[in-house]
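If you read the protein sequences in the order shown, they are chains L and X.
Counted from 1, the first sequence has number 147 at position 133 by our numbering; the numbering is strictly sequential.
Counted from 1, the second sequence has number 173 at position 159 by our numbering; the numbering is strictly sequential.
A hint or two may mislead.
Any copy will do: because identical chains look the same in the list, a pair fits if it lies in one copy or spans two.
Said to hold, decoys possible - Cross-link-like lysine to aspartate or glutamate pairs, in silico, EDC-like; alpha carbons within 20 Å at most:
1) K100 to E162
2) K69 to D198
3) K17 to E47
4) K156 to D204
5) K146 to E33
6) K146 to E162
7) K100 to D143
8) K156 to E201
9) K69 to E123
10) K74 to D151
11) K156 to E47
12) K49 to E128
13) K49 to D142
14) K74 to E123
15) K49 to D143
16) K156 to E123
17) K83 to E162
18) K100 to D142
19) K17 to E128
20) K69 to D204
It should be emphasised that the hints constitute simulated quantities derived from the structure, not laboratory data.
Listed below are the residues making up each chain.
2 protein chains.
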Amino acid sequence: MSKTVPVGVSARHIHLSQEHVEALFGQGYQLTEFKPLSQPGQFAANETVAVSGPKGSFPKVRILGPARKATQLEISRTDAFATGIKAPVRESGNISGSAGVTITGPAGEVTIEEGVIVAARHIHFHTDDAEKWGIQDQQQLKVRVGGERGLVFENVIARVSPSFALDMHIDTDEANASGAQTGDAAEIID
Amino acid sequence: MSKTVPVGVSARHIHLSQEHVEALFGQGYQLTEFKPLSQPGQFAANETVAVSGPKGSFPKVRILGPARKATQLEISRTDAFATGIKAPVRESGNISGSAGVTITGPAGEVTIEEGVIVAARHIHFHTDDAEKWGIQDQQQLKVRVGGERGLVFENVIARVSPSFALDMHIDTDEANASGAQTGDAAEIID
């Protein structure tokens, strides 16, 4: 049985805590939805912020909503070199001891000491897909992308939840290196 | 027998024809050596040029010498998006129908209609290494890079010559996606 998953390419983006939403956009501010994402309930917000590292800045980074417990900026390694932010490769949510950044919004500025990561590539599985294919949460998979820059990604982390939709998330460096685009099919080979 | 090759990461760079060296730097100008490269006789020059595409520019692109028959700019796909230059993935030297760019030097400007490529990943083999491992010129190989972002590159082109030194060339997107750095070891697995 072929285990095919759609690819989703993640450009740099930020998740904000509600506290930081208000520090950046004003007291009581609520993020507004620009468009829904592949994961149920998640959305790209209309709002953007600027982020600044020691060597460079990005003036317009998309916020993904809804607000989360902790603020987390996800950048590519290319972005890390451009900004001088020494972001480690981490699974989303695992931000302890990661890199810091200064975030600027229309109503204020926030500097965080940790929260900047290069997201480890991963696949979101709905529980039903994972069961069908015998895949466990946190299992490390090998996933092949075809084409002229075809390659096999190792260490792709399985994340299983009844609230997930099947989708493999890679960053822009991984997309550019493999030639994969959002909507392309990838195959779990091990 | 393990087939291990050193990785060399190529940042964006340009090769110039002598005609273009003179158009950009002045009549009779000769490139000067900044430091030697891994391939015998090749060098990074002290000279740089600016390159401009429809959406963006890079002010300082390193020239690699000596001068070649045809001018060729090698960029990553990230660079291609940043500049708006629609560069195809190509083997070095195969520039027919590739993308154009405007190049600016201290003494002039040149616009080429073709010559901009995203270099296809490849391994330079000295003839002796290729014979020892049973590898043919132009053979497509699978090459594994380990580590937290470990992956297997497919379609890695073998280039065999008595004037080559063993070295696998990947671009900055491929380096960032795999975590590989210049000097790391990669393994030919197929």
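Those earlier numbered hints the structure runs against, lowest number first:
2, 3, 5, 6, 7, 10, 11, 12, 13, 15, 16, 17, 18, 19 and 20
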